[in-house]
Structure formats: structure tokens, C-alpha cells
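Chains B and X supply the protein sequences, listed in that same order.
Reading the first sequence from the start, the letters are residues 4 to 225 in my numbering.
Reading the second sequence from the start, the letters are residues 4 to 225 in my numbering.
In short, the hints are calculated from the structure, not lab data.
Owing to the predicted nature of the structure, the values given are computational and were not obtained by experimental measurement.
Any given hint could turn out to be false.
As a list, the in silico DSS-like pairs of lysine-lysine whose alpha-carbon atoms are at most 25 Å apart [claimed, not checked]:
id, chain 1, residue 1, chain 2, residue 2
1, B, Lys93, X, Lys190
2, X, Lys93, B, Lys191
3, B, Lys140, B, Lys34
4, X, Lys93, X, Lys190
5, B, Lys190, B, Lys222
6, B, Lys81, X, Lys191
7, X, Lys59, X, Lys191
8, X, Lys191, B, Lys93
9, B, Lys190, B, Lys225
10, X, Lys59, B, Lys190
There are 2 protein chains.
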Amino acid sequence: MSDVRLIEIKEDILSDNAGLAEELRRRLREKKTFLLNLMSSPGSGKTSLILRTIEKLRDEFSIGVLEADIDSMVDAEKVASRGVQAVQLKTGGFCHLDAAMVRTGLDAFDLDGLDLVIIENVGNLVCPAEFDTGSTKNAMILSVPEGDDKPLKYPLMFSVCHALVVNKVDYLGLSDFSMELLRERVKKLNPDISLFEASCKTGQGIDGWTDWLAGEMRKHLK
Amino acid sequence: MSDVRLIEIKEDILSDNAGLAEELRRRLREKKTFLLNLMSSPGSGKTSLILRTIEKLRDEFSIGVLEADIDSMVDAEKVASRGVQAVQLKTGGFCHLDAAMVRTGLDAFDLDGLDLVIIENVGNLVCPAEFDTGSTKNAMILSVPEGDDKPLKYPLMFSVCHALVVNKVDYLGLSDFSMELLRERVKKLNPDISLFEASCKTGQGIDGWTDWLAGEMRKHLK
Numbered sequence: 004m005s006d007v008r009l010i011e012i013k014e015d016i017l018s019d020n021a022g023l024a025e026e027l028r029r030r031l032r033e034k035k036t037f038l039l040n041l042m043s044s045p046g047s048g049k050t051s052l053i054l055r056t057i058e059k060l061r062d063e064f065s066i067g068v069l070e071a072d073i074d075s076m077v078d079a080e081k082v083a084s085r086g087v088q089a090v091q092l093k094t095g096g097f098c099h100l101d102a103a104m105v106r107t108g109l110d111a112f113d114l115d116g117l118d119l120v121i122i123e124n125v126g127n128l129v130c131p132a133e134f135d136t137g138s139t140k141n142a143m144i145l146s147v148p149e150g151d152d153k154p155l156k157y158p159l160m161f162s163v164c165h166a167l168v169v170n171k172v173d174y175l176g177l178s179d180f181s182m183e184l185l186r187e188r189v190k191k192l193n194p195d196i197s198l199f200e201a202s203c204k205t206g207q208g209i210d211g212w213t214d215w216l217a218g219e220m221r222k223h224l225k
Numbered sequence: 004m005s006d007v008r009l010i011e012i013k014e015d016i017l018s019d020n021a022g023l024a025e026e027l028r029r030r031l032r033e034k035k036t037f038l039l040n041l042m043s044s045p046g047s048g049k050t051s052l053i054l055r056t057i058e059k060l061r062d063e064f065s066i067g068v069l070e071a072d073i074d075s076m077v078d079a080e081k082v083a084s085r086g087v088q089a090v091q092l093k094t095g096g097f098c099h100l101d102a103a104m105v106r107t108g109l110d111a112f113d114l115d116g117l118d119l120v121i122i123e124n125v126g127n128l129v130c131p132a133e134f135d136t137g138s139t140k141n142a143m144i145l146s147v148p149e150g151d152d153k154p155l156k157y158p159l160m161f162s163v164c165h166a167l168v169v170n171k172v173d174y175l176g177l178s179d180f181s182m183e184l185l186r187e188r189v190k191k192l193n194p195d196i197s198l199f200e201a202s203c204k205t206g207q208g209i210d211g212w213t214d215w216l217a218g219e220m221r222k223h224l225k
């Protein structure tokens, strides 16, 4: 009984959320701002990838970051220390961002001056996948130490993302992680996903990811 | 507005859940069954720790495992292959277990014949922390590659657990993870937590954890 009630509630929230997300996407198109929703487990490297992305793209694009950490300003401070606009959303106990929370965050930016806003979603492979944030594109990180079986366990997350960055490839060989098996499992769920192998620590493979993102942005900004 | 509504809904579910969880705990005391709720991020090593725990404790205690994976039977099959009773709960899109779901799972076991049931909760550092499952004790895993900053970002999870296993210590030295800093951050949130350093891969440190668990079980079974 408890299950059923929870499902009903979620559907109710989702139906409100879908309309709001579309409204946000319209506004972002008008403002020519690309909104990237970046998701992953805790500790997969979202902040590190954002810092690498800023480093590569800041000369061409103006960038803002919307941080959704729970009870911590750590990541926003790291980002702000690079001289990029950062807004911290305090999600308290919340396990995801929805379109209403993202709208509140975007209101704190001057979108006319921003080409790209990156959402660092709450570290969670489950709930954030269920909520449309109004983003232009969704991307996720899977880090090698998490294992190659994650697409089997969290299929929705792998299905809603346009790009997957496999981070911490410098850890390959320390476990039985198979990149081939991972690719196979991911492509079965989502044949169109763009997959990048990278290490935010060493910088390896970051260009592939930022080239993809810059390409998507140029399409959007046209 | 959307935020406020979600909070109300959560409180409503939680108040139902608390009563159900207490009811479950009474039943488990009568049956002399210890219920361990094991939580962590995806890929931290829940299944590996369960397999190591079974290996160490199976001669002294009869053990069952309640698996809460999303859309996958992988872990239940691994556990069942060791000759231990395993029940798989299909949580679909759910991001946590609540007491009602655990009750459904426990109904599939003969509790009279079981000293210990281990719940492998959904891989998530946020939502499972909010729901009392009726467990006797809560434990969590943090793996070294996830980083030493996780207590700052997911304080509730570290606060509701009686034990923390820091897994994958064989990865220490590959990043700037500081065990000292982690201990400090964890103890600030939860001074009474028992902390164990372990590697499920090599077997290092598993005894400390299983000694703690066996001790807690003996207290409960008295």
C-alpha cells in the first residue's frame, strides 16, 4: 500500500515538473544559454570534471555553475575560486533537483551574459534520473572503481543521458573492470549515447568530452 | 512551492514508516533475528562485504540476505551461489527501502531459523538514510576512491549508522584521500560510530568488522 501511494505522489510531481522543465528550456533557447545537467554517484568526479571543462572552454564561452550539494559549500567554493560564477542550492535532505529548484538557481544568474550553465546535480544514480531539470543535455560520470555492472543496476540513469564520461581510467587494471563490457551494456540501453574515457586527475581524454560539449553548444547557440 | 509540497509528503510517509519499523523490530526481537541494514553509494562494495561477512560468520550463525537492487538479480545470484538464503526485492525506480518493503521481504524468510538477515539497501547515500527499515543496526560503506569529503556532503547517512566500513584501502595512496581527515569528519557527526578500515578484495581488516557485528548479535540474541 505504501508503495502505491508513493508512486502516485511521484507521478503527480513529475507531471507538474514536465511543464516547468519545458518552460525553462524555452527561456534558455531565447537567452541562448546551454544548460548541462551533470549527474553521477557521490565521488565519481563531478566537481573535477567541471573544473577541467571550465579550464578548456572558458576562452570561448562564458560559464556559470549551479551546485546542488547537500549541506556543504565545498564544491561551489572550489568553482568560484577559478573566477567562474557559482550558485549554491542548499538541497538539505533532497536527493535530486527538479525544474522548480533549477529555475530558482537560474534566477540568481544573469543569463544574457552566459553561454553555458553546468548543473552539478546531487550525487545519486537513482532519483536525479527521474526528474527533468529543463536542461538542454544530460551527462553522467561513471568512475572505474564503481564497477562495470552499474548499467545493469541503474538503467534509467544511463538511458536519460546524452553523454557518459568514464572517469578515473588511471584506475583501470586495479580491478576486473571491463571497458568493453561496460560499452556493450551502456549501448544496449542507449545506442545513441556518446561515451568518453577520461581521467580528471591526469587530464587524459578530457578533450574528447569538451569537443563534444562545445559542438552541442554551437548547435544550440545558432 | 514544489519544495514545500514534497517535504509534507515525505513527513507523512515517514510518520507511517516509524510505527511500522518499531513493529518490525519487536517481531525481530521475539524471533531473535538480527537485522543489519547495509547502505552505501553504488559500487562501494556492499555485495563484496556481504560475501566476506558470510564467509566469516556462517559457521556460528545462520544468515539470510535481502537484496534491494534495482532491475537486476546480479547480487542475489552471487549470494545464493554461496548457499545462503537470498531474497530479491524488485524496487523498480525506488531509491530506498522503507519498513513496509522490508516487511514484505522478511515474510519470504523463515525467521525462526535465521540469526542474521543483512539488507543490501539501494546504492544511494541520500534517501536510504531517511527511512527507518526496522533494522537492529545500520552500517555503511565508504570506499576510498569516493573521497574523504563525503561526510561533509552526506551528513545524515554518517549520522544514522552504527558502523562505517572504509573499503578499498588498497587504493590508499592513489589519491589525496586522508584517513585522518575522514575520521575527524565522521566522529564530529557521530562520535559513537565504530569505524573499520578494510579491503574486501584482499580480505584485510574484515575481522574487525565481523568481530563487531558478531558482538552486537550476541548482545541482541541474549
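These are the hints, each one checked on the structure:
1. Lys93(B) x Lys190(X): Answer holds: Lys93(B) to Lys190(X) is near 23 Å, not above 25 Å.
2. Lys93(X) x Lys191(B): holds (21 Å)
3. Lys140(B) x Lys34(B): holds (16 Å)
4. Lys93(X) x Lys190(X): violated (35 Å)
5. Lys190(B) x Lys222(B): Cα-Cα ~24 Å, so holds.
6. Lys81(B) x Lys191(X): Judged against 25 Å, a Cα distance of about 23 Å means the pair holds.
7. Lys59(X) x Lys191(X): Not satisfied, since the Cα-Cα distance of roughly 31 Å exceeds 25 Å.
8. Lys191(X) x Lys93(B): Given pair Lys191(X), Lys93(B) holds - Cα atoms ~21 Å apart, limit 25 Å.
9. Lys190(B) x Lys225(B): violated (29 Å)
10. Lys59(X) x Lys190(B): This hinted pair is violated, its Cα atoms lying about 39 Å apart.
The structure fails hints 4, 7, 9, 10 (numbered hints given earlier, in ascending order).
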